[in-house]
Amino acid sequence: MEYLIIIISAVFVNNVVLSQFLGICPFLGVSKKVSTAFGMSLALVLVMGLATLVTYLIQNYVLINTWFGEKMDITFMQTIVFILVIAALVQMVEIILKKINPTLYQALGIFLPLITTNCAVLGASILVVTKEFSAKGVESHMMNLGESVVYSMSLAIGFGIAIILFAGMREQLELSNVPKALKGTPIALITAGLLALAFMGFQGIV
Amino acid sequence: MSKFKYLIDGIVKNNPTFVLVLGMCPTLATTTSAVNGMGMGLATMAVLLCSNMVISLLAPVIPNKVRIPCYIVVIAAFVTVVQLVMQAYTPGLYETLGIFIPLIVVNCIVLGRAEAFANKHSVLESALDGLGIGIGFTLALTCIGLVREVLGNLSAFENKFSSSDGMLVFVLAPGAFLVLGYLMVLFNKLKDRKKKA
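So the protein lines, in turn, are chains A and B.
So that you can map any letter, position 49 of the first sequence is 49 in the working numbering, and since no number is skipped, the others follow by simple counting.
So that you can map any letter, position 127 of the second sequence is 127 in the working numbering, and since no number is skipped, the others follow by simple counting.
Bound conformation, chain A alone:
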């Protein structure tokens, strides 16, 4: 039950793009076609799950631990450590995927390097270790490992839903007659604004 609340909260209520503003660059950049949007979100689910798994362990067993007989809290190193780990992880996923599953690599390959600079990945891994999870009917608490991974994968799924909807709308927009000053990014932003307005309707369900 608790996991269900976490999933709904992450996918719809706290949608990563439309209410938390993480990962806007790929949201605007790779949303011209539904098929590329789909590939990007699949790759993101994979990377965000893995990244949170690794950074959660690093946070709780490396940054906060007893070193040289002294209890240490070096969480101020969080930003540097996490970004390096994520960059290395993405490289590794790319290499492994190329070896064991070339078809999947063909499909996801081009999106993987882009993901390193996707702030949703770093954002989610910092969020789960610093913020408490709170929702209706659940006592607010720091998430454990399982919950963290589920939470950030659900965030990625939320990103997927938002970007696929958005790509569909943009494909339609291509065919319609848009005033000159609105062409390109402005109309995309306004469309995203309307989509965000729609997603606000989910507020308060958990």
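Keep in mind that the hints were calculated from the coordinates and are not lab data.
Certain hints may be false.
[To be verified] These stretches of chain A come out as covered by chain B in the derived footprint (C-beta under 8 angstroms, 3 or more residues):
| no. | segment |
| --- | --- |
| 1 | 73-81 |
| 2 | 96-102 |
| 3 | 181-188 |
[To be verified] Derived DSSO-like pairs (lysine-lysine); straight-line CA-CA distance at most 27 angstroms:
| no. | chain 1 | residue 1 | chain 2 | residue 2 |
| --- | --- | --- | --- | --- |
| 4 | B | K120 | A | K180 |
| 5 | A | K180 | B | K65 |
| 6 | A | K32 | B | K191 |
| 7 | B | K65 | A | K183 |
| 8 | B | K191 | A | K180 |
| 9 | A | K98 | B | K65 |
| 10 | A | K180 | B | K194 |
| 11 | B | K194 | B | K13 |
| 12 | B | K194 | A | K183 |
| 13 | A | K32 | B | K189 |
[Stated by the list, open to error] Cβ-to-Cβ under 10 angstroms is the rule here; a few derived chain A residues that face chain B:
| no. | residue |
| --- | --- |
| 14 | V30 |
| 15 | F38 |
| 16 | G39 |
| 17 | L42 |
| 18 | A87 |
| 19 | N118 |
| 20 | G193 |
These numbers were taken from a predicted model, which means no experiment stands behind them.
A virtual CB, placed ideally from N, CA and C, is assigned to each residue, including glycine.
Put chain B on the given structure of chain A with help from the hints.
Frame of chain A; chain B shown alone:
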């Protein structure tokens, strides 16, 4: 004088928000009020200035193949510095901006300038470029924040000028997209008119 051009270019011709459309996440997320937008802009400017200078100094010694990870480490170090300074001196702003301070690391503007400018230019030029882009970013963020604050909260720089409620939606998430979209339309229109005249 010619060096001065780098500074002006960053503010107008290469404006990171309205022309290059880079660094959208903090632009949308932190502009709930003019003060928040300005705080975010200044924090980014500090990181950009320092990282541009250090990277332009280090560029000759960094091997070409591993340059991106090296840049990221430099940027992350300065972000940590800014984060600790803000935590100490402006705790209120630090709370409000929250996650978006560490996320300056993955702001495409900072890495973009390192890659496109700092590694090919001298320290002084890189510093001026960092300052210019930083000012351009800060101005854009303050501008968006001001519009959202005026429409959504009927206040400017936290001075309320009317006691009634504003249109709350402009402070919430959808308002960010809408305001930025329409401001871009305004910019395109003005640019067009200038070209015709």
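For each hint, the structure was consulted:
For the segment 73-81 of chain A, the assignment as covered by chain B holds, since 5 residues bring a beta-carbon within under 8 angstroms of that chain's beta-carbons and 3 suffice. Counting residues of the segment 96-102 of chain A whose CB lies closer than 8 angstroms to any CB of chain B gives 0, so the stated coverage by that chain is violated, three being the minimum. Here the segment 181-188 of chain A counts 6 residues with a CB under 8 angstroms from a CB of chain B, which clears the bar of 3, and the coverage holds. Proposed proximity of K120/B and K180/A is contradicted: the alpha carbons are some 37 angstroms apart, above 27 angstroms.
Taking the CA atoms of K180/A and K65/B, the gap is about 42 angstroms. The hint is violated against a cut of 27 angstroms. A hinted pair counts as satisfied when its Cα atoms are at most 27 angstroms apart, and K32/A with K191/B qualifies at roughly 26 angstroms. With a C-alpha separation of about 38 angstroms, the suggested pair K65/B and K183/A falls outside the 27 angstroms cut-off, and the hint is violated. Annotation: proposed proximity of K191/B to K180/A holds, straight-line Cα distance about 12 angstroms (limit 27 angstroms).
For the hint pairing K98/A with K65/B, the CA-to-CA distance comes to about 21 angstroms; that is within 27 angstroms, so the pair holds. As the CA atoms of K180/A and K194/B are separated by approximately 15 angstroms, the hinted pair is consistent with the 27 angstroms bound. Note on K194/B and K13/B: the hinted pairing holds, with a Cα-Cα distance of about 14 angstroms set against a maximum of 27 angstroms. Annotation: proposed proximity of K194/B to K183/A holds, straight-line Cα distance about 18 angstroms (limit 27 angstroms).
The hinted pair formed by K32/A and K189/B meets the criterion: a straight-line CA distance of about 24 angstroms does not exceed 27 angstroms. At its closest, the beta carbon of V30/A sits 13 angstroms from a beta carbon of chain B; the interface hint therefore is violated under the 10 angstroms criterion. Using the Cβ-Cβ criterion of 10 angstroms, the hint placing F38/A at the interface with chain B is not satisfied: the shortest such distance is roughly 22 angstroms. Among the interface hints, the one on G39/A is violated; its C-beta lies about 21 angstroms from the nearest C-beta in chain B, farther than the 10 angstroms criterion.
Checking L42/A against chain B by beta carbon gives a least distance of about 21 angstroms; that is not within 10 angstroms, so the hint is violated. Look at A87/A: its Cβ gets to within about 6 angstroms of chain B, closer than 10 angstroms, so that hint holds up. For N118/A, the suggested interface contact is upheld, since its CB lies about 7 angstroms from the closest CB of chain B, less than 10 angstroms. Annotation: G193/A was flagged as interfacial toward chain B, and the flag holds, the nearest CB pair being 3 angstroms apart, inside 10 angstroms.
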